[in-house]
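Order-wise, the sequence lines are chains A and B.
First residue of the first sequence? That's 722 in the numbering used here, and the numbers climb one at a time after it.
First residue of the second sequence? That's 1098 in the numbering used here, and the numbers climb one at a time after it.
Each hint can be trusted.
Each computed DSBU-like pair below joins lysine-lysine, with the alpha-carbon atoms no more than 35 angstroms apart:
{"id": "1", "chain 1": "A", "residue 1": "K787", "chain 2": "B", "residue 2": "K1216"}
{"id": "2", "chain 1": "A", "residue 1": "K787", "chain 2": "B", "residue 2": "K1458"}
{"id": "3", "chain 1": "A", "residue 1": "K787", "chain 2": "B", "residue 2": "K1460"}
In case anyone wonders, no lab produced these hints; they're calculated from the structure.
Note that the structure is a prediction, hence the values are computed from the model and not measured.
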Amino acid sequence: MASYKLDQSVKYAKSHEWVRVEDGVAVVGISDYAQDALSDVVYVDLPEVGDTVTAGKQAATVESVKAAEDVNAPVSGEVIEVNSALDDTPEIVNERPYDAWFFKVKPSNLDADLAALLTPAEYDKFVEELE
Amino acid sequence: MLQRTPLYETHVAMGGRMVEFAGYELPVQYPTGPTAEHHAVRTAAGLFDIDHMGQFELAGPDVEAFLQGIQVWDIAAMREGDAHYSLLCYEDGTVVDDIFLYKLHNRWLMIVNAANRAKDWAWIEHHLDRFDVALIERSDDLAMLALQGPKAEQILQKLTAYPLHTVATRTAIETWIGGMHVIAGRTGYTGEDGFELYVPIDYVVAFWNQLLEAGKDDGLLACGLAARDSLRFEACMPLYGHELSAQINPLEARLGWTVSWNKPFIGRNALLKVQLEKPAKLLVGLEMVDKAVPREHYAVAVDGAIIGHVTSGMKSPTLGRFLAMAYVPPEYSAPGTRLDVIVRDQPKQAVVVKRPFYKPKYK
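Chain B with its partners taken away, still in its complex shape:
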């Protein structure tokens, strides 16, 4: 049985094209179309229903010790209001999930992927063990929206007295916005400035409508999953199930910057070994030399021999280039390396290029 977010009826009324994603019925696009929605986020602002994401709250005397052990980022330096990207890893160093952590007043919020919510919960609970930590499922009482784009701040500011220019990237506040008590993180998954907003679930429809109304003269568009994917793709942000999985470790995924070696965490020993040896594969950016749309699962080949596969690919709406992310052996990972992508049985020329394709524009 597919789940629906509280905004389901709103999406349908707005002409959203509803599709199945991670067990939810969500809009893949509105009548404006994914390309227009994508450009709105790069040049003005876009509003996304991302309530399918899981939200776990953790609190208690041992919460920081526990969190240090189950995820790769060193949270010791995080102050109240800080937010950071991180990973949960298995003992063998592969990835359980990629997460976002918020250190809030007296508690932590962990944002997990919708498709991994049950798996993550079980995995975290399994490791709770002797720790004095309360693990609380908040996914069903907190709704989650993303307001993203260069005009996100000015739109949100119309609904609150809180001076939003004082909220730094990767920090969060708890304040009143549009008459509702909201957690607002200056975070996102688009490569643009913006906010992720956590609202009590009963108020999210009203809040969504207030945001659309506040942004109607600023070019704000409601955006679907297709634009969310193309935006994160250009910024080379990984999507679990594509660039990340239980067969991939953070070093292969070029996420070594998230790994704090100065503390123990699950998977550390295996990752130390990977770091000393050579990773089996590396995530690269590819640009097509021949015109063709590279898509997920397409083979990457050299002289007719398959050496890897595309994890995500598309014609970049912002750059107008045919781009892909793919895993290849390290010897083929240097920018400038010529490879083929097999498109409908035909080898099409591609070249390894630097990532990200689009450099994020944060405040």
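With the rest of the complex left out, here is chain A:
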């Protein structure tokens, strides 16, 4: 397995999504480990703005040359923006996984949801144990 990058400004779900809180908004993407495991991403099926998403439940689908995988919402709330750049350039998920966000959520239960997620160090250990 190739080495993967961690982002110290995010928290991680065990299903390999990251969430970064910016001005009270939760920005969601997938980890470097996840994009590497998926191989080249070819399409992302995003939620609609206005959708309600639930922590730990599927909110999007990422399609790679290899497979289609669920993307779960790491936090609950309402989708307020989706990254339309992924439509034409899904490869940015591979190139810059911590910039290539999927959707933004106005969180409804942020503190409790964040508490259930992993710090970068915890996620690193979790992934190491998967190997």
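Using the hints, position chain B against chain A.
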């Protein structure tokens, strides 16, 4: 127990991601990634380890009579050095395997799919019967590489004095390349010009490295199984286990052009019957109208009723379109026909389009 090709250590050292395929551990991709590898073959060149493919040699006084009877293509017109695609069929007309035949000096070489190697061997041996033919397993002493792409000839030419521009598509030569005695067929499975190379197994690692070195300024990339699959898919070349199987006949698979009716062969009577009646299903190309990635086994539906299944599908790296091959009843096979592909329980609109998606560019 998984088998390894002689290049296993080389693939690992190059960062190849090793996966199981047809009983072999092979690289599905290198760190460059399948999309870059795919584009390299379309625009420059790619090098593939395809040693998992089976190689049978056939020779002897009855070899041509025997071959005529066990495969669908009429080999009578093939001259020494000619190569051709063909099929082995069962009595009921369904497909044992798809093969490539090379007529070499005093012998024939038959290339078969890795997953079918044991089955094919047993089937061929069973039909040897009274024929005076030697059937020789060469898979363990000949290694097989594919050098594919518009720059394949110029790269290979750096390693040999043989004038490669004189080698026509679907012919083969036996010559010295890189100091080794090599069978080089101007054949492939990518829809590009290129060569398939048969090298003594002890020399294949050195040969692989020589090829990569020769092509390093020409954009040559080592390519894995994922690129091999996307390249053959765009050119609509069938893959056994997907577009071909023991439940599918050549006419359904749109491979009628390989069938020579002017000679007897196993499966001919059944195929004649299919030709007179209507085939139960036909292979079609599909393009998604709705954005979605169609994948193998996804259902194809009309008004909510399932009429067929996808055999291969992906976002085409060259064309950027979401495409699939699928079997559907003949009444839904005309280009322009609207169908749905069921993607994660949702019907997504698709339309039947002409095949191939990518027109092969041979010399």
